[in-house]
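S.K.: Please build the complete structure, drawing on both the sequences and the hints.
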Amino acid sequence: MVILSKGWCSIVWSSLLIVCWSKNEKNLVVNPSGIEELPLCKNNTFHDESDSFEVIYNFVRPQFVLYFTKSVHKPGKGAIYKYDQSKQAFDLVNLKTPRSTANLSIVVPIGEKMFCLSTEDNLAFYINEDLQVEHEQKLLPEHEYVPNSYYPDLIARRHVNYTEMGSHVAFSTNYGKEYNHNFTMINKYDWVPKRRNIVFLTTGKNLTIYNIDKNDTYFVLSNVDDYKIAQTQLLIIQSTNGTNLNITIFDTEKSTHNLTHFPALLKIQRVKLFDYAFDRHYVILEDEHSNTCLWSPTDTPLYFVRKACCHMNESVEMESNFFINRNVEGTIYWNHLNDRNEFRTFTSTNDGRFWFQVNIRKNDTSQHNIATHFNFKLHDQRVVPDNLNWIDIQFGQVSNKTITFISQNNGQHWSSVPLGGSKIVFLNSGTVILFVAHDSRTVICSFDGAMTWFNYTYYKDNKTVLYAGKLPDNDLKAVIVTRDSLTSQLNFDILDFSNIFSISLNKVEFECKSDHYMEWALPRFRDSCYQGMSVLVRTRHPNVRCVDKMTEHKKVNSKCPCTSDDYACRYNYYSFGDECVLDELSGINEEPYKCDPGSHYAFYQAGYVKIPHDTCDPREFHLDVINNSSDLCVQNEWTDFLVLNSMNKIYVSQLASYGEYFRKQIITEIFPNKKASLGTPIAFDYSQLLIYNFKNNHLAMYPFHNGNKTDLYYLEDVVVNMVYDSALHAIIFLTTRKELRIVSLLTNFQQLVSDNVKRFNIHPLTRSAFDILQAYIDLEAKRVFILNSNNVLMIKKFVKDITDLQTFTEIPKVTNFVVYDYNLYHLVDGDLLYRNLEKINQSVKLTNDVKFDRILLHQKSLISLRHQCQNLNCQFMCVPVSYHKVQCECPPETIRSDDKCICPKEHPDCLLPHCTGFPCKNSKCLINNVQCNGVDDCGDGSDEIGCTHKCPKDNHLCQDKCITKDTVCNSKKIVVIPTKPKARKLGVGYIILIIILICLAMIYPSYLFIRWCRRRFYQRPLSLNPSHHLSQMELMRLLDDDNDLYDLS
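Under mature numbering (1 follows the signal peptide of the UniProt record, and there is no 0), the letters of the sequence shown match residues -22 to -1, 1 to 1027, in that order.
No lab work stands behind these hints: they were computed from the structure. Positions of the beta carbon are idealized from the N, C-alpha and C atoms, including for glycine.
No farther apart than 30 Å at their CA atoms in a straight line, the calculated lysine-lysine pairs in the DSSO-like style are these: (1) Lys166 x Lys192; (2) Lys791 x Lys823; (3) Lys863 x Lys878; (4) Lys928 x Lys939; (5) Lys627 x Lys736; (6) Lys245 x Lys863; (7) Lys775 x Lys736.
Cβ-Cβ distance ranges computed for the label pairs, FRET-style: (8) His121 x Glu489: 50 to 60 Å; (9) Thr181 x Gln848: 35 to 45 Å; (10) Gln848 x Tyr445: 52 to 62 Å; (11) Tyr445 x Thr75: 18 to 28 Å; (12) Thr218 x Glu694: 36 to 46 Å; (13) Asn675 x Thr942: 10 to 20 Å; (14) Asp914 x Thr658: 31 to 41 Å.
M.R.: This is how it looks when you write it as structure tokens:
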């Protein structure tokens, strides 16, 4: 190598390109460059014909940095360069080794040394910080060599070509002189971080952790499918029944093997990612429903809580789409697919409790949002100094260019750098920020915290920027490495900014004084308070040019009021809006746990857990909770909440134990999938975060927040109203023909409940209800609630006989209400009001800002019945027979035998009219998207019979065309199931006539008793969803004036 020239750069500065990343509104500041803005520039040029360049940092010795070039197409053209602090210049490194270093293919930092390897010469050796060659060794051809990153004397060797029988791996403990430790049939192996141990997995599925020094195996586990390593943590993956996975964690630092705890009903199919930061595990799992979810513990180690979920293709690489900010605890990022199947970046500053989309702004005023997402593989932890951990740098693709984005307020706001720059460099705690623009000709600098930018055009068109970074010896020096494609020149340009911050006369650096700094609160989600404390950041005032010598820029301020940021959702709960709701995968079916005041469980509140335990008290969050209240004991508590509708908006509000309200009631708007139409019949599954929507004769399913729809059924009739029943996992809907139907989402069979129905109401409580406009009977509290057509809510009481009703109170102007024990929530003129029916006789207004038109009560206590139904695998319909038990039911024209519905011989296809989708020959009913795609979905091949042609497996045949599986075929019409209504009505009429005659002949001929007789006996029992309290009245048809009501309790 020949040094061509060394000298001072001739520099030409032009004015300006400006952008602001502060929390204030964007402003443009023009600051013409002068001689005082010019850094000193020194150039080193070398002739280098290589085609690859990288910078190798030694993390143990930060001053030990090598600049390494190599050539893939021209062997023998590589080199190593190093910055000489004494000369303040770059030198070509000439290593004292018998063979040339021009053929080096790998240089990696190992402990305090660098490991160099040449596959061309079959040579490997170490070099120390003084560039002395050590431990040279000859390599075997077609072998890979993997040194231990922390202990350079440990090296592993394996043949690059190995079969299904595994490979032979040998280990050396003396820098490769001898390989005495040999293992065979190895499928996978890794060095254990920070330990002199090796972990390997054999072809026989045995996991072994082996200590090299002691020649000892200290951990062995059989039947292991795979493992993943994150720092000192080893995630072990095992199959449980051939399809589901079980994961455990081995702590290599403590040498402990620990079980992990997930909700009982979670079935893990794939482990997509494993990471570890701030003593907390993060794992991304795919379940049996292809949901990809992030799980992490909250208060209790290894008890995992669901933090976020999305539907993601198996081919999506998680390493580039998930990121933990290791500088700021609790800050994580995840790329999610939006409605247009495009990735967008979401972030959380409280460890997954709340998520919001990253706000990326352009550096001009014409367009504020940039359609991109971050590629976390490009993130470089070394860019931002450790003492500036509120600053973050990420990269994204815009118009096929890699754009640098910067945030200076803990990820709250992001901006692209001017001219789409990349390779950003921070000098002296951000006193100088510089980068190279995409045109590779312009260097852009800022001296005031990115408020004002100066652009500096220096490089020619034929120069390519390879690297820009900070020099290790000086806090105000940067180096920019470029290559001239015409002359094969490699240029190292050293920019020295110390003169800009020097006192003119004596060239002494002007250091920042205490009054040159400003303080501001480190922002978090919603405000600056986090875990009961606010953090103040001290940064140099942008208008003062001084050298920042401060080592610690953050300090903890006094305590601040607790917010919902301070509360994570505990085990078996997950975050839904601002609430912690019971995870339906928990499988919990218990009554609330009661405990004495002052016990450990007094730190818990309705699904929340206090983190950390010595700062924020959850009683500050909901102010009405008192020390001796059992509300604080919720180890096995349900999380109940109100669902409130206002125009086309949906809100949720958590309730305390037993349905009581919080004095500081928090109502949070949630944002469902925009593709679902709130103006058409719609139903919500809040436990699975799904939306069911009827539109254009299709019943479709949407993910709650983002994602495309999936058609479920084609319905010939128009649906006017529908609800989702969480206990049955079914949709109950009313058509324009006045037919009330129920379709099971488990079996796809449907049943006509009754005809001539004008409206219906559903109560997901263990009570029974009648309707005028709305009605509710509480047999335990002996209360009857009737909302009449004049919007007067009449509350009546009885002692023993329901016929003897006594007026309790009346509330006017009520449009909707729900009841939970003695707690009444009702809407009056759009306002949400509360009344305690045992203590007060007046309503308390809970809201002021939003007007609501509908209120629902969502309880989790029925959710576990769905999983009982799934386990039963009913052929037709699953129905509850008590509060805790379900059973399979069949239509009346069939015979039930061992939970199977058998058609009589004279009607062998009696189940066919009940099928809402595609009827299989074996009596299964599938969603109508399975025909002629080469997959035997029915199990008997009947969905692949009579095909005019075959479709791909991700399509299906519909009307002789192949369409995607997210659209169902509408060629099959739903058959109306005859119920013989006339004969049934006639029989019931005779019964009513006899009953009325008997009642009139009695001494007690009062109107209430006649009405009671009429209501008691004029009913159609249907054992679809029996009530826990009134099993004979689970579904009633009440003829009250001109109103027909169907109520499913």
